[in-house]
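*Asks:* Since chain A is already given, all that's left is putting chain B on it; use the hints.
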Amino acid sequence: MRTRSSLACLALALGVCAGVPSVTLAGGIEVKPCALSALQSGALAILDQRQGVFLLSPATGRVQSLVGGFGFYEALNMATASLDGSDAIFVTMNQRSSKGGERAQLVRFNDKGMRLDAWSVPRGLVRLSGVAIDEKKRVVYVANTQPPEIYKLDLDRSPRGGSLVRLAGVPGAARLGAMAFDARRGRLLLADPYLGRVYAYDLASGRSETLLEKVGEVSALALDGGRDRLFLADANGERVLVADLGGRSAAARIFAQTKELDKPLAVALDGAGGVWVGDSDERKVFQFSGAGQQLRAFPLWAAPTSKLAPPL
Amino acid sequence: MRRFVALTSTWPLGTILALMALPCSGLDLDLSPAKVPGGEVRFNTIGEVPVDKMPDGVNVQSVTTDHYVVTANLDEITYTRNYGFFQYKLYVRPRPGTAGQLTCFTVNGDSIGLFPVQMSAVDFTVGEGESKDSKQITLPVISSEATKYLVMPAPKEPAEIDLPGEAEISVTIENVLKKWPVSITACTPPESKIWHKSSWLVRDASLNCVEKDFRKFDIRPGTADSLVALRVVPNSAQLLSRMFFSRAGGNDQVVASLDYDTPWGIQDSLDIKIPVRFVPSLPLLFLALAVGAALGSVLPVLAGKRRWSRWPRTFAVALLSALVVEVLARVVVELNSEFRLFGVELDPKLLGPAILIGVTMGLLGFRSLDLLEKVLRQDKEGEPKPA
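Protein chains in written order, with this note's numbering: chain A, 1 to 312; chain B, 1 to 387.
Heads up, a few of these hints could be off.
[To be verified] Restraint-style ranges between C-beta atoms, simulated for each label pair: (1) SER289/A x ASP30/B: 34 to 40 Å; (2) SER32/B x GLY247/A: 44 to 50 Å; (3) ASN110/A x GLU166/B: 49 to 55 Å; (4) VAL291/B x GLU30/A: 56 to 62 Å; (5) SER62/B x ALA291/A: 40 to 46 Å; (6) ASP56/B x ALA291/A: 31 to 37 Å.
[To be verified] DSS-like mimics (lysine-lysine), calculated; alpha carbons at most 25 Å apart, straight line: (7) LYS112/A x LYS137/A; (8) LYS259/A x LYS53/B; (9) LYS193/B x LYS214/A; (10) LYS263/A x LYS197/B; (11) LYS89/B x LYS263/A; (12) LYS35/B x LYS135/B; (13) LYS259/A x LYS89/B.
Because the hints were derived from the structure by calculation, they are not lab data. Built from N, CA and C at the ideal position, the CB exists for glycine as well.
If we strip away everything but chain A, and leave its shape as in the complex, we get (with noise of 0.2 Å):
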């Protein structure tokens, strides 16, 4: 209890040097992110691993709980969407297990943590990792870790409960990490963090080209699609970067590297401009403006729930 209570007053600290107002306290638990997705309401979503998905009010700087856990699973990603008029929160998660993912699902929940469906795959060992969505045409892709491939969801067209279908292998991928759909060229970003690469994969041709090579542990992407600026966060170099995909090759520089970043597994763009990173390792999420400067720090501290997502 002491400990809790010296973490509670440290966070609580960090909390006011960071320009928090408030962040909930009492009997709290961490959360570390690994995704982070803006939602419609102007609050941010945060995927635990194995936590649960939290919501993140930048307002106050209170931390809540939307999906409580996720029984014998463990998620890998996250994306969000505004469908039939309210947010969509879709995530990727593996059945926990020492010899890898075993049966992988995506997941959709509700803006109020409603589990409303999912989908798994059809076949064999997957580990289902990144996730994007083509608004418009109300499209869900999934990424599969290894092999590295891609399999695609029509929300119109897939039966509830049914599973995804596959829609391409990406050749000379090693392992297929986070994703991100680039509405303007058609095409979906696909992040390798093992071999440091991006890939773009055109939706028209089937083909996939080497984006950018050399960019460390991608651990998460986000397209900032007015501005043409794709966001890295680079877990292992503890730095975020950012490519401009205008130019006739893309090309990588560093967005932010502070001290405090440690572990940067996510990242995601808000309306007004504002780039968000979630750091693993210092369980908190960061605002930084959109020129790279930090602006604030959240600490991730929410009240545990008892509202646990039912067994999958």
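*Replies:* For chain B alone, kept in the frame of chain A given last:
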């Protein structure tokens, strides 16, 4: 390098982008696959960053080439569980006379096949452009496939637990890694209705004491240590009822688990299964004998065949003889023989047989007392009378 492709005369933006691009020394470090019996590890360099100094630590491997000093910090090897590969940090420092600065390379290692963790000589090249130095560096190669780093040697005999009471069962854990310690990060105590209470105890080897509160500790490389113990308080009433006559009812196992962590971050758990055998404690057995002897000796009195006045002495004789029979029966069973009563094989360590021995000796109590008194009388009569 790909990111400098944009640096063209026809496109000035490329110049700007190139200037802002990731810091790059122009130095390349490439590691060849390490082949080991049972598999191999393939390496891929994913990035480099200039650094001011080497990280502190003594667990390093260094190799000097013609132009560079290449150092691997073995404490910085990590396992990326989500994607199933290992990550190494190698530092390249130019030797005097060679341009450049200290650079940290991140190298990913992908294991294929199942093989034990081992040190392996890995070929590498380092340098700029066409000018490359080649040498070997010794690195640990690890298989990401399911491997147990801790094992528990199977106990030869089940641990005996007295009922009622509590027991401390020492658990021996062997670290199969010959060069690295394995950290125990969490202990899960046994959960079963047969345990009234259960907890893990961590023995502090340095202080020669036992700690109740768990703390993370290491199992030394290549050793089998008994640094942990399980303290269990069995649910005696439930267990006694199920093992009244059958020895099998007293056999069970303690199931618990220990979570551990390797130096490179592979986390797993070791299932602990220890066969146990519940045995009634000696005071309880004595009580069973006494109850049996009392029951057996009181029956003739209740039937009106014997008088109450002689019962206390009869009970004492019956209890004494029951104790002697119990001890003899236990000795017989310990010597791999059988103890049979009325043709039925019995285990004298159980409550039922103990009561049965007591009842039998109780029923024979009056006759035993008569015999004893007769012997004592004869002794007295045989003694020479004083002058």
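*Asks:* All hints, please: hold or fail.
*Replies:* Tested hints:
1. For SER289/A and ASP30/B, the Cβ-Cβ distance of about 38 Å falls inside the hinted range of 34 to 40 Å, so the restraint holds.
2. At roughly 35 Å, the beta-carbon separation of SER32/B and GLY247/A lies outside the given 44 to 50 Å, and the hint is violated.
3. Distance hint for ASN110/A and GLU166/B: a CB-CB separation of about 51 Å, consistent with the stated range 49 to 55 Å.
4. Distance hint check: the CB atoms of VAL291/B and GLU30/A are about 58 Å apart, consistent with the given range 56 to 62 Å.
5. Distance hint check for SER62/B and ALA291/A: the Cβ-Cβ separation is about 41 Å, which falls inside the suggested range of 40 to 46 Å.
6. Distance hint check: the CB atoms of ASP56/B and ALA291/A are about 35 Å apart, consistent with the given range 31 to 37 Å.
7. Our distance criterion of 25 Å between C-alpha atoms is met by LYS112/A and LYS137/A, whose separation comes to about 24 Å.
8. For the given pair, LYS259/A sits about 16 Å from LYS53/B by alpha-carbon distance, which is consistent with the 25 Å threshold.
9. Among the hinted pairs, LYS193/B with LYS214/A is inconsistent with the structure: their alpha-carbon atoms are about 56 Å apart, more than 25 Å.
10. Among the hinted pairs, LYS263/A with LYS197/B is inconsistent with the structure: their alpha-carbon atoms are about 41 Å apart, more than 25 Å.
11. For a cut-off of 25 Å, the pair hint linking LYS89/B to LYS263/A stands: about 15 Å separates their Cα positions.
12. For a cut-off of 25 Å, the pair hint linking LYS35/B to LYS135/B stands: about 16 Å separates their Cα positions.
13. Between LYS259/A and LYS89/B the alpha-carbon distance is near 19 Å, which keeps this suggested pair within the 25 Å criterion.
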